[in-house]
Amino acid sequence: MSSKKITVIESAAVLMPAENIDTDQIIPARFLKTTSREGFGANLFHDLRYNPSGEPNNEFVLNTHEGGCKILVAGHNFGCGSSREHAAWALSDYGFIAIVSSFFADIFRNNALNNGLLPVQVSEQFLERIFKECSLDKTSTLKIDLMKKEIEITTTKEKQSFQINSYKQECLIKGFDDIDYLLDNLDAIEKYEQYRVSAY
Amino acid sequence: MAKTIFDKIWERHVVKQIHDGPSVLYIDRHFIHEVTSPQAFAGLDKRGLKVFRPLQTFATCDHNVPTQNQHLPIEDPSSRIPVEQLAKNTKAHGIKYFPLGHPGNGIVHIIGPEQGITQCGMTIVCGDSHTSTHGAFGNIAFGIGTSEVEMVLATQTLMQTKPKQMLIEVNGSLGKGVCSKDLILHIISSLGSSGGTGYFLEFAGSTIEALGMEERMTICNMSIEMGARGGLIAPDQKTFDYLNGRKYSPKGSVWDNAVSSWRLLKSDAGCSYDVVHSFDASSVEPMVTYGTNPGAAIAVNKTIPSVAGEEKALAYMGFKAGEKICDLKIDYVFVGSCTNGRIEDFRLFANAVKGKHKHPDVVAWLVPGSKEVERQIHDQGIFDILDQAGFELRQPGCSACLGMNQDKIPEGKYSLSTSNRNFEGRQGPGARTILAGPLVAAAAAITGQITDPRTYFKL
Ligand code: SF4
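Each protein sequence line maps, in turn, to chains Z and L.
First residue of the first sequence? That's 235 in the working numbering, and the numbers climb one at a time after it.
First residue of the second sequence? That's -9 in the working numbering, and the numbers climb one at a time after it.
Hints listed in this document are in silico derivations from the structure and should not be mistaken for laboratory results.
Backbone N, C-alpha and C define an ideal beta-carbon position, used for all residues, glycine too.
Hints are not guaranteed to be accurate.
Below are the DSBU-like pairs computed for lysine-lysine, each with C-alpha atoms no more than 30 angstroms apart in a straight line [stated by the list, open to error]:
1. L/K292 with Z/K267
2. L/K36 with Z/K239
3. Z/K425 with L/K403
4. Z/K382 with L/K241
5. L/K346 with Z/K425
6. Z/K239 with L/K40
7. Z/K408 with L/K40
Partial pick of chain Z residues on the chain L-facing surface, computed with a CB cut under 10 angstroms [unchecked claim]:
8. S270
9. K393
10. E427
Quick look at which bits of chain Z chain L covers, simulated, 3 or more residues with Cβ under 8 angstroms [claimed, not checked]:
11. 343 to 349
12. 353 to 367
13. 394 to 408
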């Protein structure tokens, strides 16, 4: 069970306006050889976050931020590239609960939802507003209400609603994941198997 | 209502449809390898679960394995540990595992069809994007993430939303010296590397029907390179002939019944697709890529185009728009991978290099896709041809396709590769990959440069 339950998230945001942030940037391939899911947060955005010498890159947003942010806001087409789920693990392990963008790559969106990480897709215009408002006023926060399917810039009270199917919404609110749901349906699965055998 | 083959297979596998949500889709076959499965087994253990249907999952190690001295322990611990973990996990859960050196070992997408584990009308998944390969036999086959691997292990089902459907119709005959790799690179270059995003593809038409099973696998394998979820081809007599008598294929009356139901697996006349694209096979030429995604491909005799947004890719490759790509000096030739590592690919390559000699400056890595392919290369006299032409054969695995083992292309070197991805650093940090089919690879291995196989081999 993905133990985290998501209802309302209110937090300052980490801003990464770049478009097409791919899974190789989120977690480079050389960090994929471990056999556990934990610890990927340490290498999140590794090659942007650290200089080749291993020193933190002081220009990169994760190194200039105070930490403790639960929301990442990124440019169009976030999570494109390979199907590695390690990208979602790394973001979640680092402490993010929601990613806001104007477009998410297919497989990344799925992987995120399967790991209790909420992808919030907003319009280009609203994304622009977030980038602008949050970089002007450092005290501004975002409030994401999963029950109402709504995101708000708290300083200006600007709101936008976002889409999520009711099944996934319920899973995240209750902290369930697909495996819990499927395990609850093992009877139906066994029945299907018997039906299939007799149908042949 | 007229249905597509995709609709027919999909509907047969829906266990339950969730209101305003995905479907619970039953999975017939599940393949696993050492890279994307350890966390899934760890997840099962954490929940105290056993694998629900262990006989429907098959395991192999391929990504991390060395392609020389496979009888020795794997040297690099970061490669050895996941392989050992897979052996442990499959043993604990009663899953069939083809370990290193086993006659059934090889790249996951090669061994499935080869052993008849992959059949027709099935749902097939693997934690690997090139699972689309199995679509060549008329299956809904696609890559999944590790949480989904865990779902399949735990319940033999997945939550899936039905994708849109795209028909890619190809008619006419391919010219001499043009193979199915050229055709799929041609299609990807014209639709773009995200042209299939959100879709499941069906390939059809006289050209596709004329292709052998190995060639069809090359086509379906690369569907993912245009962003598609997967791609399939309706099964026909060739498909059944290929599967007949394979180790895991049904036998006797079960086989007969299976074939009669498989014959119904085709799209009905008048069924509808969300998008249809048509191609003329006679206009396809031997292809090579010049950029850092598989869509950046041109005919081998053309000049590199100037495309907005490709400047960074060209700089990485050391190319300039307007230059010819023919005659470019090649450092490495890699023949292998789940795209072109099958027996027909080696036959094509060997027939081309027969009686000639490898260029002294070229390092050639010939890596069979499986133990079975390796055996056929030896048994069918292909090895002798390669040997006389100065080529060595390595042992099976993914090898330089992604350079997770020692087979890495050094920084800045040009690699003519029959694999499927030319991303920056895919074959090693700084490696410059040019994707092509086995015939272009043969011409490059002999001449040391990119060469049109039609003129060089007088086809
Ligand atoms: S050969 Fe390459 S593409 Fe195929 S499974 Fe191995 S690494 Fe992936």
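Tested hints:
At roughly 40 angstroms between alpha-carbon atoms, L/K292 and Z/K267 are farther apart than 30 angstroms, so this suggested pair is violated. Taking the CA atoms of L/K36 and Z/K239, the gap is about 19 angstroms. The hint holds against a cut of 30 angstroms. Between Z/K425 and L/K403, the direct Cα distance comes to roughly 56 angstroms. Violation of the 30 angstroms bound is thereby established for this hinted pair. A threshold of 30 angstroms between alpha carbons decides the hint, and for Z/K382 with L/K241 the separation of about 56 angstroms lies outside it, so the pair is violated.
A C-alpha spacing of about 61 angstroms is found between L/K346 and Z/K425, which places the hinted pair above 30 angstroms, so the restraint is violated. Our distance criterion of 30 angstroms between C-alpha atoms is met by Z/K239 and L/K40, whose separation comes to about 26 angstroms. A distance of roughly 25 angstroms separates the Cα atoms of Z/K408 and L/K40; the hinted pair therefore holds under the 30 angstroms criterion. Restraint check, Z/S270 versus chain L: the minimum CB separation of about 6 angstroms is within 10 angstroms; hint holds.
Against a cut-off of 10 angstroms between C-beta atoms, the interface hint on Z/K393 is violated, since the closest Cβ of chain L lies about 23 angstroms away. A distance limit of 10 angstroms between C-beta atoms decides the matter here; for Z/E427 the minimum to chain L is near 8 angstroms, and the interface restraint holds. Coverage of the segment 343 to 349 of chain Z by chain L holds in this model, with 4 residues showing a Cβ closer than 8 angstroms to a Cβ of that chain against a need of three. Beta-carbon proximity to chain L at under 8 angstroms applies to 0 residues in the segment 353 to 367 of chain Z; the threshold of 3 is not reached and the given coverage is violated.
With a cut-off of 8 angstroms between beta carbons, the segment 394 to 408 of chain Z has 4 residues touching chain L; three or more are needed, and the interface restraint holds.
In summary, the numbered hints that this structure violates are 1, 3, 4, 5, 9 and 12.
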